[in-house]
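Listed in order, the protein sequences are those of chains A and B. Under the working numbering, the first residue of the first sequence is numbered 1, with each subsequent residue one higher. Under the working numbering, the first residue of the second sequence is numbered 1001, with each subsequent residue one higher.
By construction, these hints were calculated from the structure, which means they are not laboratory data. Just so we're clear, the structure is a prediction, and the values are computed from it rather than from any experiment. Just to be clear, a hint being listed does not mean it is correct.
Unchecked claim - Derived lysine-lysine pairs resembling DSS-like cross-links, with alpha carbons at most 27 Å apart:
hint, chain 1, residue 1, chain 2, residue 2
1, B, LYS1368, B, LYS1348
2, B, LYS1408, A, LYS5
3, A, LYS6, B, LYS1405
4, B, LYS1259, A, LYS299
5, B, LYS1004, B, LYS1057
6, B, LYS1333, A, LYS358
7, A, LYS208, A, LYS159
8, B, LYS1054, A, LYS249
9, A, LYS205, B, LYS1057
10, B, LYS1259, A, LYS5
11, B, LYS1344, A, LYS358
12, B, LYS1405, A, LYS5
13, B, LYS1368, B, LYS1378
14, B, LYS1408, B, LYS1252
15, B, LYS1323, A, LYS367
16, B, LYS1323, A, LYS300
17, A, LYS159, A, LYS314
18, A, LYS358, B, LYS1363
19, A, LYS5, B, LYS1393
20, B, LYS1185, B, LYS1057
21, A, LYS205, A, LYS191
22, B, LYS1259, B, LYS1368
23, A, LYS5, B, LYS1254
24, B, LYS1085, B, LYS1004
25, B, LYS1259, A, LYS296
26, B, LYS1323, A, LYS299
27, B, LYS1344, B, LYS1368
28, B, LYS1344, A, LYS367
29, B, LYS1057, B, LYS1180
30, B, LYS1185, B, LYS1085
31, B, LYS1348, A, LYS358
32, B, LYS1408, A, LYS6
33, B, LYS1240, A, LYS191
34, A, LYS367, B, LYS1363
35, B, LYS1417, B, LYS1393
36, B, LYS1054, A, LYS205
37, A, LYS189, A, LYS159
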Amino acid sequence: MNNEKKIIFTDNSKIVIEALTEAGADVFIGYPITPANLLYHYASQRFPVFMAAPDEITTLQWMAGFSSVGKIPVTATSFPGFALMVESINMAYMMELPMVIILVQRLGPATGTATTGAQGDLLLLNGMISGGMSIATFNYSDEFDCWNISAKAVEFAVKHRTPVVILTSKEEMMTKKSLDLNLLPFISKYKREFYNSAETYIPYKPEKNLVPAFLPIDNEQHQVRITASTHNMRGIIQNSTLEAMNNSKRLHFKNLRNIEDYVYYDLDDIPDAKTIIVSYGITSDAVKEAVINLRKEGKKISHLIAKTLLPIPKKYYEILDKFETIIIAEENLTGQYKQVLYGSNPQTNIISITDFGKMINPAAITKQASNYV
Amino acid sequence: MSRKFLEDGELPYCKGCGHSLVANNIDIALQKNNYSILDIIIVTDIGCHGIIDKSFKTHTIHGLHGRSVALASGISAGTSNPKKKVIVLVGDGGATIGMQHIIDAAHNNFNITVIVHNNMLYGMTGGQPSEFTPYGFKTTTTPEGTNRNGYDLCKLAAIAGASFVSRVIGNVDFSDVLSKAFAAKGFSLVEVMEICPSYGVKANPGMKLKNILDAAGLEVKTFVNKETRSFETNIRTNVKRLLNDNENIPVKYKSNIDKPVNILISGSAGEGVQSAAEIFAKAAVSSGLNVSKKGNYPVTVGVGFSSSDIIISPEEILFTGTKDPDIIIITSKEGLDYSSAIIKNSDKGIIFYDSSVSMPETKATLIKYDFRKRVPAKNVSLYALLYYVDYSKVFPLDAVIETLKNDKLSSKLELNKLLDFS
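Bound-form chain A, shown alone:
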């Protein structure tokens, strides 16, 4: 046995909360809900500021308040709570207030089954911002993603003045595994910069990469105007001036452009494979096993694990376009990422493997995928 290892037995919720705080997130506000309650519990021990909100609308509003004075707030919830947050997430998106929202998926619709996982909320995120605008959405495929991508989500939110969603699910946040702590790299705290010029501060004037400089609303030097209504660069409400329209459109293009620097995926590609299987989140480990099984049978298949889910990175199509058959495996009824990637009436070479109400078993994936390899 290698005595240099530091093995712990942990759920990923603990890894996520530790990574977020190491990256600089300093406030957790939330209302507990299964299966996000471990995140809430660990946050209550680890964040410098922890606020127990009475509900999920208040949660997001308090977060927006903290964010407006320069703090980096995080929350974690599941669909019933997230649904209540949607208007306020749109508000924070329009106000350009950084924050991280972790959506731990469980089986729906509605209250559904709190203790059963699912991958059923991706399409909601894809259309959540009114106008069909993009919001950065990351997800984890294993404990190392929980560490690295959590930190990157904080960085993306702060650097680009935007809410960010991390999409995960019950088993990813609650199942425990042995882990060698020494395999987790050091996370350095993101160095945040505020506007520091003597010139008049214009709160929505785009700077580098379409991102306006940030200045806390409690500063002593410059007036800060923040608004969720359609507005010009100075933050003054305007109905439909060209400047105001361009400002609203910028929010979409800001995410679309900057996500390209935050494209995270694993590609297990083998020569001469004509079929690729795409997975994300909880289904990825099952697909990894299925791919091992299929290759043992002599079948040539590649595997793409998508970790940056939305907006869709251009790189994914560069990868996928080389294959004759594309299989997308996910734990929902209708094949949500398939619809995001290829629409609701995809060509016949786009195949869905789905299950509803339970984790997709590697054997089921192996069996179904072998028909297409």
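Use these hints to put chain B onto chain A, whose structure you have.
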């Protein structure tokens, strides 16, 4: 007094609207209290009052309908600058939608001042009644007059714990009241009574505000003015890391398994299934194995089944869900019911089960034992797992014993009984 906090020129309201008077009184009161312009953060709600932002030279933030008080609460709790004064401007419509936020902010005593522009109807959405519309007051959708009284917000805020609460009629100079509200520590609320010139006056010609308030029993007075401790955000400077070396499980034992073993333990809630599975899992880690543990249980706590999928493996573990277990441990009828489909389909595994349950037909190897008769129900899961370790030798029993001794459970256990398999 000339303006300091407001821009010069016309305010953006209808002629005769009390909202203009509110804005001007805010300016005067802020001057009386010697605030600087950037000491002030104005938080506006949705509604006619909310178009005032551009007229203020202060910091401004304009959010959603009804949520301004919650947003302001976040700003107030988040700022580390005690000089800042957070002022919420909200209508009676926004106060209706966000009533809970107002009560909550008063209850927490967040350091904010809420000024409610109560013109007794929703002005921006066509003049329908709010929860503050008094009995008999006519609106566009209640031309005969509303048939119930509105809330007395001042009484509600006072009961909830506000530091300062006052109601004024918005046709005079009430800057002294605002000045006191701004100076109060903690949550303060001033309800300014107005009549909307566009909808209220037209629907209720000749009606006097004072008469409306008298009829509704809404007193014009200061309800609360007390010294209190306002909300203080607890900022912890010495939080400990979650992933620290204390949790390190040293590898002291050795396992002889050469392939993964999938174990399903299934029993009743309240009988320690999850904690026993955790002890077993940690013992496996201390024996140099990779381990995963997934819990399955209904939403109820302490009732129904509880089960756990455990994988111990010399190799990396990928899929952690339930799949054709090698070992199934059943400690109760509820556990059997949950796992019966898996048991029926099992053709290679070994099933350890309590003698009190009747096994369905299965090709698995069956091993019956009196788990429940030999230990208290709360320890039956742990006992069954210890029995399995002793039987299978997947790793040394000492690994479990040491894990148990390091666990908070240990003081409550009689180890000799748990290790008696005679």
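Hint by hint, here is what the structure shows:
At roughly 17 Å between alpha-carbon atoms, LYS1368 (chain B) and LYS1348 (chain B) fall within 27 Å of each other, so this suggested pair holds. The suggested pairing of LYS1408 (chain B) with LYS5 (chain A) holds, with an alpha-carbon distance near 25 Å, which does not exceed 27 Å. Among the hinted pairs, LYS6 (chain A) with LYS1405 (chain B) is consistent with the structure: their alpha-carbon atoms are about 20 Å apart, no more than 27 Å. Proposed proximity of LYS1259 (chain B) and LYS299 (chain A) is supported: the alpha carbons are some 24 Å apart, at most 27 Å.
For the suggested pair LYS1004 (chain B) and LYS1057 (chain B), the alpha carbons sit about 8 Å apart, so the restraint of at most 27 Å is met. The straight-line distance between the Cα atoms of LYS1333 (chain B) and LYS358 (chain A) is roughly 23 Å, inside the 27 Å bound, and the hint therefore holds. For the hint linking LYS208 (chain A) to LYS159 (chain A), the alpha-carbon distance of about 10 Å falls within 27 Å, and the restraint holds. Of the supplied pair hints, the one linking LYS1054 (chain B) and LYS249 (chain A) holds, its CA atoms being roughly 22 Å apart against a limit of 27 Å.
With a C-alpha separation of about 19 Å, the suggested pair LYS205 (chain A) and LYS1057 (chain B) falls inside the 27 Å cut-off, and the hint holds. The hinted pair formed by LYS1259 (chain B) and LYS5 (chain A) meets the criterion: a straight-line CA distance of about 21 Å does not exceed 27 Å. Distance check on the hinted pair: LYS1344 (chain B) and LYS358 (chain A) sit about 19 Å apart at the alpha-carbon level, within 27 Å; holds. The suggested pairing of LYS1405 (chain B) with LYS5 (chain A) holds, with an alpha-carbon distance near 22 Å, which does not exceed 27 Å.
Of the pairs offered as hints, the one joining LYS1368 (chain B) and LYS1378 (chain B) holds, with about 19 Å between alpha carbons and a cut-off of 27 Å not exceeded. Between LYS1408 (chain B) and LYS1252 (chain B) the alpha-carbon distance is near 20 Å, which keeps this suggested pair within the 27 Å criterion. A threshold of 27 Å between alpha carbons decides the hint, and for LYS1323 (chain B) with LYS367 (chain A) the separation of about 15 Å falls inside it, so the pair holds. A threshold of 27 Å between alpha carbons decides the hint, and for LYS1323 (chain B) with LYS300 (chain A) the separation of about 25 Å falls inside it, so the pair holds.
At most 27 Å may separate the alpha-carbon atoms for a hinted pair to count; LYS159 (chain A) and LYS314 (chain A) meet this at roughly 21 Å. Proximity of LYS358 (chain A) to LYS1363 (chain B) is assessed by CA-CA distance (about 25 Å); at most 27 Å being required, the pair is judged to hold. Simply put, LYS5 (chain A) and LYS1393 (chain B) have alpha-carbon atoms about 25 Å apart, close enough for the 27 Å limit, and the pair holds. Between the alpha carbons of LYS1185 (chain B) and LYS1057 (chain B) the distance comes to roughly 24 Å, so the proposed pair stays at or under 27 Å and holds.
About 21 Å separates the Cα atoms of LYS205 (chain A) and LYS191 (chain A), which keeps this hinted pair within 27 Å; it holds. A threshold of 27 Å between alpha carbons decides the hint, and for LYS1259 (chain B) with LYS1368 (chain B) the separation of about 26 Å falls inside it, so the pair holds. At roughly 15 Å between alpha-carbon atoms, LYS5 (chain A) and LYS1254 (chain B) fall within 27 Å of each other, so this suggested pair holds. Proposed proximity of LYS1085 (chain B) and LYS1004 (chain B) is supported: the alpha carbons are some 16 Å apart, at most 27 Å.
For the suggested pair LYS1259 (chain B) and LYS296 (chain A), the alpha carbons sit about 17 Å apart, so the restraint of at most 27 Å is met. Straight-line distance between C-alpha atoms of LYS1323 (chain B) and LYS299 (chain A) comes to about 23 Å, which keeps the hinted pair within the 27 Å bound. Of the supplied pair hints, the one linking LYS1344 (chain B) and LYS1368 (chain B) holds, its CA atoms being roughly 16 Å apart against a limit of 27 Å. With a C-alpha separation of about 22 Å, the suggested pairing of LYS1344 (chain B) with LYS367 (chain A) holds against the 27 Å cut-off.
Pair hint LYS1057 (chain B) plus LYS1180 (chain B) holds up; C-alpha atoms about 22 Å apart against a cutoff of 27 Å. A threshold of 27 Å between alpha carbons decides the hint, and for LYS1185 (chain B) with LYS1085 (chain B) the separation of about 10 Å falls inside it, so the pair holds. For the suggested pair LYS1348 (chain B) and LYS358 (chain A), the alpha carbons sit about 23 Å apart, so the restraint of at most 27 Å is met. Only pairs whose Cα atoms come within 27 Å are accepted, and LYS1408 (chain B) paired with LYS6 (chain A) is accepted, the gap being roughly 22 Å.
Only pairs whose Cα atoms come within 27 Å are accepted, and LYS1240 (chain B) paired with LYS191 (chain A) is accepted, the gap being roughly 21 Å. As the CA atoms of LYS367 (chain A) and LYS1363 (chain B) are separated by approximately 24 Å, the hinted pair is consistent with the 27 Å bound. A hinted pair counts as satisfied when its Cα atoms are at most 27 Å apart, and LYS1417 (chain B) with LYS1393 (chain B) qualifies at roughly 19 Å. At most 27 Å may separate the alpha-carbon atoms for a hinted pair to count; LYS1054 (chain B) and LYS205 (chain A) meet this at roughly 17 Å.
About 13 Å separates the Cα atoms of LYS189 (chain A) and LYS159 (chain A), which keeps this hinted pair within 27 Å; it holds.
Comparing the model with each numbered hint stated earlier shows that all of them hold.
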